[in-house]
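In the order they appear, the protein sequences are chains A, B and C.
If you're matching positions, the first sequence starts at 1 in our numbering and goes up one per residue.
If you're matching positions, the second sequence starts at 1001 in our numbering and goes up one per residue.
If you're matching positions, the third sequence starts at 2001 in our numbering and goes up one per residue.
Warning: the hint list may mix true and false statements.
Derived DEER-like restraints, expressed as beta-carbon distance ranges [claimed, not checked]:
hint : chain 1 : residue 1 : chain 2 : residue 2 : range
1    : C       : Lys2169   : A       : Ser14     : 48 to 58 Å
2    : A       : Trp18     : C       : Asp2005   : 16 to 26 Å
3    : C       : Gln2508   : A       : Arg36     : 21 to 31 Å
4    : A       : Pro412    : C       : Leu2311   : 48 to 58 Å
5    : C       : Pro2472   : A       : His31     : 51 to 61 Å
6    : C       : Ser2480   : A       : Asp308    : 41 to 51 Å
7    : C       : Gln2508   : A       : Trp7      : 47 to 57 Å
Everything labelled a hint here was simulated from the structure, so no lab data went into it.
Computed from a prediction, not measured in an experiment: that's the story for all the values here.
Just so you know, even glycine gets a beta-carbon here, dropped at the ideal spot from N, CA and C.
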Amino acid sequence: MEGLGQWLYDHLLSLILWTPVVGALFILFTHRENVRQIRFWAHVFTFLPLAFSVYLWIAFNPPQMEMQFVETYDWIPVLGIRYKLGVDGLSMPLVVLTALLTFVSVVYSPTAIRVREKEYYALFLLLETGLVGTFMALDFVLFYVFWEVSLVPMYFLIGIWGGPQREYAAIKFFLYTLVGSVAMLLSILILYFHSEPRTFGMTELIEQQPLEGKGILQVLAFLGFYLAFAIKVPVFPFHTWLPDAHVEAPTAGSVLLAGILLKMGTYGFVRISLPLLPEGSQVFWAPMGVLGLINIIYGSLVAMAQDDLKKLVAYSSIGHMGFVMLGIAAAAMDGRSFTDPVLRDYKVIALNGATFQMIAHGLMTGAMFLLVGVIYERAHHRDINRFGGLWSQMVVYGSLFSFFSMGELGLPGLAGFWGEFLAVLGAFQLFAWAGLAVIGIVITAAYFLWTVQRMFLGEPKEAHSNYPDMNLQEHISLWPLAVLTFLAGVYPKGLLTIIQPAMESAVEKMTKVLGGG
Amino acid sequence: MEIGLSHYLILSGLLFAIGIYGILTRRNAIALLMCVELMLNAVNINLVAINRFLQPDWRIMTGQIFAAFVIVLAAAEACVGFALVIAIYRNLNRINVDEINLLKW
Amino acid sequence: MTFKDLFILLLGPELWLTFLGFFLFTLDLIFPRAPKKVFGLLTLLAFVGGLVLVAAQVLSPDLADEVRQAAQENRLGYWLVTTFSLDGLATFSKGAIFIGAILIALVTVDYVEKNLREGIPEFYGLMVFSVLALCFMVSSVELITLFLAIEFASISSYILAAYLRGDPKSSEAAMKYFLVGATTTAAGLYGMSLIYAGTGTTYLYEMTAQFMPQLGETGVAFSPPLPVLIGLLMMLATLGFKVAMVPFHGWCPDAYEGAPTPITAFLSVASKIAGMATLMRVFASGFGPLSAGWVPILAFLSLVTMTFGNLAALWQTNVKRLMAYSSISQVGYLLIGVAAFSPSDFQTLLGMSTFQGSEMALPGIFYFLLGYAFANMGAFAVIIWVENWEGATDRESFEGLAQRSPVAAALLTLSFLSLIGIPPLAGFFGKFFLFGAALSRGLGWLAIAGVVNSVISAFYYLEVVRRMYFFPPRRPERVSTSLMVSSAAVLGVVGAFAIGILTEPAYQWAMAAFFDVVFAPNISFR
């Protein structure tokens, strides 16, 4: 028993990573007509990683700055490519979030997905492996593999089970992301060829700083990564795939797209761009900040103009990710900011906010898309103006929707507040024009409140008098998210103590390179 | 004037050029085959002449042997070529390559 | 070892194929009523046996030493060891060719039963002979031998391409294939004669030996004397024709579309591997010291080839034709590796300076070829799977395949993903090595062109995938096939997966091949 526990502990990350694949195999060998069993396997094999990742959360040692639960095996020794996994305060919450959202989505899916379920659940499990792997991988080749692996299942999820424009949305999503990732591939190769000794290891490369003082090469490498990450986030003007993909994807697909896939981009910025290419980040800190602001304001404004509920949530994502980018820009800022310890602390605060916002946004937007799905299953349309007075028919639904809307608009006491607050606070101390983000917050508040008003208040309408309230699956999938949103709001310290050391270490690594000047 | 290597090379170059020119301009499949033969014979002249003028040891006859192989292969190739022309003619009743255009992009 | 043992070990696969080829031709005369399937199985046996023999050659490590020693002691004919080489390049390519050929044999049997009425034994016999010719091609290190092998392979392929006798498309395809082939071969021969004039020999590595001292003195690659350079470029026509490189690709789409589909697969896999191996043999290995002369040209041709192939593929509606353009573009990627190779690799390996990274280039090509062979065969097996059922290969035949045969659709999708270069499939690592080599060599623009092209290629591959998965099925009935075709498809995809995940052993094998290529010129048999 002792041995088993130790073994579990040593291979925890691999277990989280590969159980979904095992589940996918189980599903592949189940007959396609046997839908009950397929669903059963899907539930089991998304619950297991969730259980493992909860254990990961408990066993995680927050104050430790280095990677934890590291597993290293040689994969392609000639080229120094390894199978290396590990998590720190940045990636661990994201891993848990991924496991949670995948489980929640699978629980929700049976109400929405009625055709080709075998393929659906198999792809879904595969997607989970890709996503989790991206956050765990500490070797660039492995990172790239998972980055791309997550792309393919999503393409099919959008293309087969999506809305009317699904094919266009699917190919657009695929090609946008592919453009970014091949650019990243070139940057990875540049890094590899300048490392001595040759390595693809992320931590080793950050240690080596192979492109330090290489001027144009560092900038080029940065731009390669930037393209990949900015498309994923998405940063204005690379965002045009997002409304299509989010709106056309099936509900569960939208949950993972908004909840996790977008975070791959911001995760990349914090994990790779900042500490590995500090000089490159420094060159582009101002454009990054401006684009973050544009994201916030533009995303909110466009969201306000939407009548389609799902589109509204999609554009609100663009706005919210702007806050993350603002925090990252603050961390990258040049000038005295690395020599002055006070300003350095603000960088950490801004990064804390950015990472907090990633988690909070994952929880809340995931829930929002589920809520959109709930109403769509009943009404078969998503036009906000055609709803009204829903609260009187669907009490729980209305309450939850309002709750998450409050979270999204940044009500203090809920998760959404802390991320935005810390990111803007940190950024504001470094460059005052970050304060313009407040405009975005105001607009966001306006359109969420207006949406709640249009949908839930007023006279109940004849057309939806017979809508039942949420069913069991919908309850199971939404309540955990609600509870966590609340908990993260009232007790942000629980999350911040985990995030903080990782952010400090990132800023410290940047200081090591930039602090001298 | 003594006939030297350059004369042979110029002759073969001319033959080769005529062959290429024919390939590019003629449209009759048989004529094309003849042009290919011209090119191959240019090669033969080259090989034999080079061997004769550049190889000091007269017992080493690599070029000539090469030429003999080329002749044999040219015959084999012509065989297959004409068989294909006949097949085309049976199927389509024409041998003008411009008119053979079932496949195009 | 006696001469006889060595001879048999050295020429094992070739002797075996010769024997079985003639056997297939005569069997029909002796037993005219023999069921036609027997011939297919015998062909399969021929290729499996060939692979086993190649494996035996690879796994007997001192064979090369034995051969060298025997040559020095005059126990092995001088004519043999100077014309026929059994280095890593040869064994690796033969292995890859046989793997491709086995999969081709698996998909041929059903197709032949369905589409051919007469001449079936000869069809199989010619297939065996073409593979035999390809084996000679990758092993020959002398111009006359090389020329004979190339012609042998080409002539067999012309006949095979024309084998659907009643189908004018097939005749037309073969005709175009033949005309381009004959012209480029003649040009290549003229080039050989010029090289002969410039160097006074037809032995490839004697030429290298002439140029090596100059390389050693200056340490930089240099341009060859003019006749040799022109000769090399004209030989490039022949080899470029074999691998379907722009501007010698004209035959490729037509021949691919018109030829019997297994022959299309043969042309795109086995024939291409042999062509690429020979190209490396002549350029990288034989004329490596002269790379300053040919690297810029190949780099440019690589760019043109991949861009043209990908752009033209975008408009294709027939999947066989699409595969033609796709295979042209894949040659473009492969040429990146040849262009990224340079003689400093000779020096690195001879211990003159440190490793630079272009050590990825040639092993990358070998690795890419192997992955390409698997993925492409997986794709062609599924195409034949559908063609045998639907009788056509236009895009519409693939609509809704995911519901009519989920396995076929999944296999084709995975093959295509490998060809796009999505990890962890083999296609990704192949591109990874090649682009890496280009970057390390200062050919960044070529690497960028490569990745841009990969993105473009996603369009047309995904177009087929889209039709398979997102379209409703054209007809309700399932698309089933024989065990042989489906196992070929599965083997192809599993292979692409396996060497993607087990990159290390595949890459090591490719490394060994690469070392042999580089050292081959230094091993003198005299």
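Evaluated hints:
The hinted range of 48 to 58 Å is satisfied by C/Lys2169 and A/Ser14, whose Cβ atoms lie roughly 53 Å apart. The given range of 16 to 26 Å is broken by A/Trp18 and C/Asp2005, whose C-beta atoms sit roughly 49 Å from each other. The hint said 21 to 31 Å for the Cβ distance between C/Gln2508 and A/Arg36, and at roughly 47 Å that hint is violated. Remark: the range hint 48 to 58 Å for A/Pro412 to C/Leu2311 is upheld by a beta-carbon distance near 56 Å.
Taking 51 to 61 Å as the suggested C-beta distance range, the pair C/Pro2472 and A/His31 does not conform, at roughly 22 Å. Here the CB-CB span from C/Ser2480 to A/Asp308 is close to 44 Å, well matched to the stated 41 to 51 Å. The beta-carbon spacing between C/Gln2508 and A/Trp7, approximately 31 Å, falls outside the hinted interval of 47 to 57 Å.
Consistency note: the structure conflicts with the earlier hints numbered 2, 3, 5 and 7.
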